[in-house]
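**Q** Now for the letters of each chain:
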Amino acid sequence: MSELAVLPNDFVSSQRAALRRLSDRHAYASVPVGLCVVLFVVNLLVQPAFAGRADWATASGVLVPYLFIGMAFTLPVLQGGFDLSIGTLAGFMTIFVSTVLLPSGITAPELVIPLVVAFGLLSGTINGFFIVYVRLPPIIATLGMYLFYEGLGTAVLPEQGGTIPGWLVRLSQSYGPIPGQWFVVAGFAIVWLALSRTALFRNILVVGGDERAAYTAGVNVKAVRLSSYALTGAIACIAGLMLAALIQSGDGTIGAQYTISGITAVALGGISLHGGKGGLFGGALGGAVLFLIAQLLTDANVSIYAVQIVDGIILIVALSLNGTLDYLRRRLLRKSLAQSAVSAAVEEGQSGIRTTV
Amino acid sequence: MPISKRPPEAYAADQAAIDTQLAVRDMARSFGETRALDSATLTLRRGEIHALAGENGSGKSTLIKILSGVIRPDGGEFMFQGSRARFASPYAAQHAGISTVYQETLITPEMSVRDNIFFGTDGLIRHQRSKSQEISGAHLALDQLGLPGLDIDRPMWTLSLAERQLVTVARAIVRPWQVLILDEGTSALDAHRRDRLFAYLRDASSEGKSVLFTSHRMDEVFDLAQRITVLRNGTTVATVDVAESSYSDVLQHMSGREQAAALMEETNGGSGEVRSAPSALAQRPARSGEPVLRVSDVTLRASSQPMSIELKRGEILGIAGLEGQGQVELVEALCGLSRPRGGRVIVVDDAGRDHEISSYRDANRRGVRYVPRDRRQEGLFASQSVFDNFAIASWGELNRFGILKRGAARKRYQEYAEYTRLVGSPNQPVSTLSGGNQQKVLLGRWTSMHPTVLVLNDPLRGVDANTKEELYQFFRSLAAEGMALVFLSTEIGELLVLTDRIAVIHEGSMQALLPTAEATNGKIVAAMFGQNPEEES
Ligand SMILES: Nc1ncnc2c1ncn2[C@@H]1O[C@H](COP(=O)(O)OP(=O)(O)OP(=O)(O)O)[C@@H](O)[C@H]1O
Ligand SMILES: [Mg+2]
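Those protein sequences? They're chains B and Y, same order as listed.
Counting in this note's numbering, the first sequence runs from 1 upward without gaps.
Counting in this note's numbering, the second sequence runs from 1 upward without gaps.
Bound-form chain B, shown alone (with noise of 0.2 Å):
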C-alpha cells in the first residue's frame, strides 16, 4: 500500500548512514588530517629514517609545544572570541618556573604544574573579565595582555637563562619509547574529552555559533565566555611548561613567535573564524602540520625563512580545499536530504495527511 513498505529496509538505513557521516561534526577536520599523513608521508620519502629516528624525543620536544599552542588559540575561537595573548604568557611561563618559582624553592611537580594552571586561569580570567564586563574588543583586551607579558619577560630575564627542576628536564627523554611530553598530552587529552562531554562545551559552541540564540534560550553568555578564556590561559601555561622543558631553561623573547604559528595552526585546524563550530582537535592537527612542514624544511636543509613562505603557501591551499570540501559536502547533504523528503512526503501522504482531510 505504502510506497516507502516497499522500499527495502537496509535501504533507509544505509540513506540514514550517509546522511549521518555528511552531517558529522567532525568532518571539518578532513582537510587538516589530510594534511598531516601527506606531510608525513613526504618527510618520510625525503628523509627515511623520520619514522624511526634516534632523536624521537627531541622532535616531540618541538611538536608538542606547538600542539598545545595551537589548542589554546583554537578554543576562544570556538566561542567566537579571540586570544592574542597566548604567545607571550606561555613565553613568559618559561621564565615563570626558572627565575621565580625555582630560586624560592618551589620545584616538585605537585606544586608547579598546580601553581602553572592557577597562573594560567587567571591571566586567562583577567582576558575575560575586560571582554564580558568591560566590553573590550577580544583582540584589543588580549594585545594588552600580549604586551604585558612580553615587557615583563625581557624585564625580568632579558636573554635565555635560568633553570628548570630536573623532572621537567627529564620530560624530554624517552620512558621506553615514548617521549616524556606525550605523557602530558595524554593526560591533558584525557581531561579535555571528559571535559568535552560536559555542558560546557556545548554552551561554548552555541555562544560562538549565535549569541542572541544562545543567551535567549538560556545559556549563562558571560559565564560561558568568561571560563572558555580562563581554560585558554591554563592551555597556553601548559604549552609554557612544555616549552621550558624544550629549551630547558627560561627566555623572554620565546613566546612572541608562537602567536603567529598559533593563528595559522587555528585556520589549517579548519576552524572557522566566525566561530561555532569544529573543536580543540582542529588545533592540534594544525599545529603538528607546522610541526611537519617545519621538520621536512629543516631536513632538506631548507633556510628557515623558506619555512615561512611554504606555511603561507599551505595555508592559502589549505584554507581553499577545506571551502570547497564544505561546499561540496553540503551540497550533497542537500541532495540526498531532498530525496529522503520525497519519501517522507510519500509515507506522509499515504498515511497521516490523508485521513485528516
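Fair warning: there could be bad hints in the mix.
[To be verified] Coverage of chain Y stretches by chain B, computed from C-beta distances (three or more under 8 Å per stretch; other residues unrestricted): (1) 107-113; (2) 118-125; (3) 241-253.
Read the hints as simulated data drawn from the structure, not as lab findings.
No residue lacks a Cβ here, since even glycine has one placed at the ideal position from N, Cα and C.
Fit chain Y with the ligands to the supplied structure of chain B, relying on the hints for placement.
**A** Relative to chain B, chain Y with the ligands alone:
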C-alpha cells in the same frame, strides 16, 4: 482572627489573583529616542489563550522580551503567579515557568536539532538531562508538533524555515512551562502544521497552562484566542473578548482609523469559506497579456509530473501547497537559484525572443527578481542601516561611475516608506526595526527596481493586517504597470484576494491550476492534499 470576619470581596480578590498567571501594569521601555513601549497593561489568566495584537512597531515584541527576561523595562511592573517579578535573564524567566518562542527564528545552523532544542537548559558545566533523556524529550516534542520523522541529529541549516520555526517551538515546550509566549511563532507554518500546533496549545490550556501569542492573521487570532489585548504605539488601547467583538473592532483599535478596518472585514470575511474580493479585482484594467515567463515541462522531483505554466505581463500567479511539496523548488527554479530536474524556464524579452534561464545572475539580468523568505538568513544585512539595505539593489541602476546617487535613492526610499508606513529612521541599523518593518524594507528593495517578473516567497510574513491591505494594493498597482508577479504564500485567503490564477503544488507536481475567480478555499485545500479540486463540493 476568625475567617468569617473577612469581607466577601476579599475572597473575590483572592480568587482573581489565583486565576491570574501574569499581570502587567504600565510597562514602558525606550531605545534611545524611540519609545517602543509606553504603557502596556495586560492580564493573562490561568488556562487562557490570549492574543496580543498591534501594528508593526507597536511594541509587542518589546513587551514579550521584557516578560521573558531578555530586556529590562524602564517603568511599570508585572506580577507572575501572584508575586512581583523582574527577571534578570531569559534563564530566570524559564526557571519561573515562562517559555518563549521569539519572532526571529534564533538557531545555530551548524548544530544539530537536538542541541538546538536543549541548549540553554544546562548549567555552565552540568547537563540538566542525560543524552537519552534529551533524545526522548526531543522526539516527544517534535511528535506533538507534527514533525515525527525528523532526524534529530541533522544540522539545523538543512531544515526548511517552517521546520526551524517548529524546532524553536520545541525548544520552548521541552522546558517545564506555565506560560508559553509565541511571538509570531506560526508565521512560517502552513495550514496543516498550524492546526497541529493549535491543537497542542488548546490541550495545554485545558490543563490550566496559559498561552500569550501574537499574530498578524486575524482569522488565527479569532480562532485560537479567548481574549485579545491591542497595543497601539506602545500603549494598551483595549482588551476585548473574542466572543463579543469582530475583526473590524480589533483592526480599528490597532490603527485608530476606521476605513481600513472595513476593508479587511471584507477580505477576510468569516474564517471558513474565504472568497476573493471582487471589488478590488474588477477595478483592474484589462491587460493585453503578452507572455513574459514560460515554465515548460518542468519536473521538480524524480517522481513528479512535468508542469507547464505561462505567465503573462500584468498577471499575479499564486503558488500554494503544504510545506515541502515542491513550491520552493519551483520558485527557486523560476529565478535561477536551482535548476529543475527536467524542462526549461524561459523568459520572453520585449522583442518576443525566448531566453532560457541558466543561473540566478542570468535571471536577474533578464529582469526576474527574487524576494527570499528568511530575512535573517538570506535577505538583510543586519548591522547595515535601513536605507543601505533598501538601496543596495538599486546600485546598478542609480549610480554614476560606480557611486550611488544618494539623492535619487533617498527620494525613492521616502516614497516607499511613506506608502508602506514604515516605522523607523533610515539611519538605524535594520536589525533594530520591528519584524514587520524589516520585511517591508526587504520588499521595497526589490520592488523599487521595477523588474519584469517579481518572484515573492511568502513576502507578507509578519506584516500587520492594515499594511498588508496596502501592500496588496501596491502589488496590484505594480501588476497594472505590467509587472508579472509570482506569489508564494502559506495563507490561502491572501492568494484568493490578490492573485489571478493559483497553482497548487502537491508532491512535486502541479495538482491544479485554478483561475482565482473560480477558486474557493475548499478547492485549494483539496488540491493541497492531492485531491481533485472539482470533486470538492
Ligand atoms: N534594539 C532596538 N533599538 C532601537 N529601536 C528598537 C529596538 N528594538 C525595537 N525598537 C523599536 O521599537 C519599536 C517597537 O518594536 P517591536 O519590535 O516591539 O514592534 P512589534 O509590535 O513587535 O512589531 P512587529 O509586528 O513588526 O513585529 C519599533 O519602532 C522598533 O523600531
Ligand atoms: Mg514583533
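**Q** Go through the numbered hints given earlier and state which of them the structure violates, listing their numbers in rising order.
**A** 3
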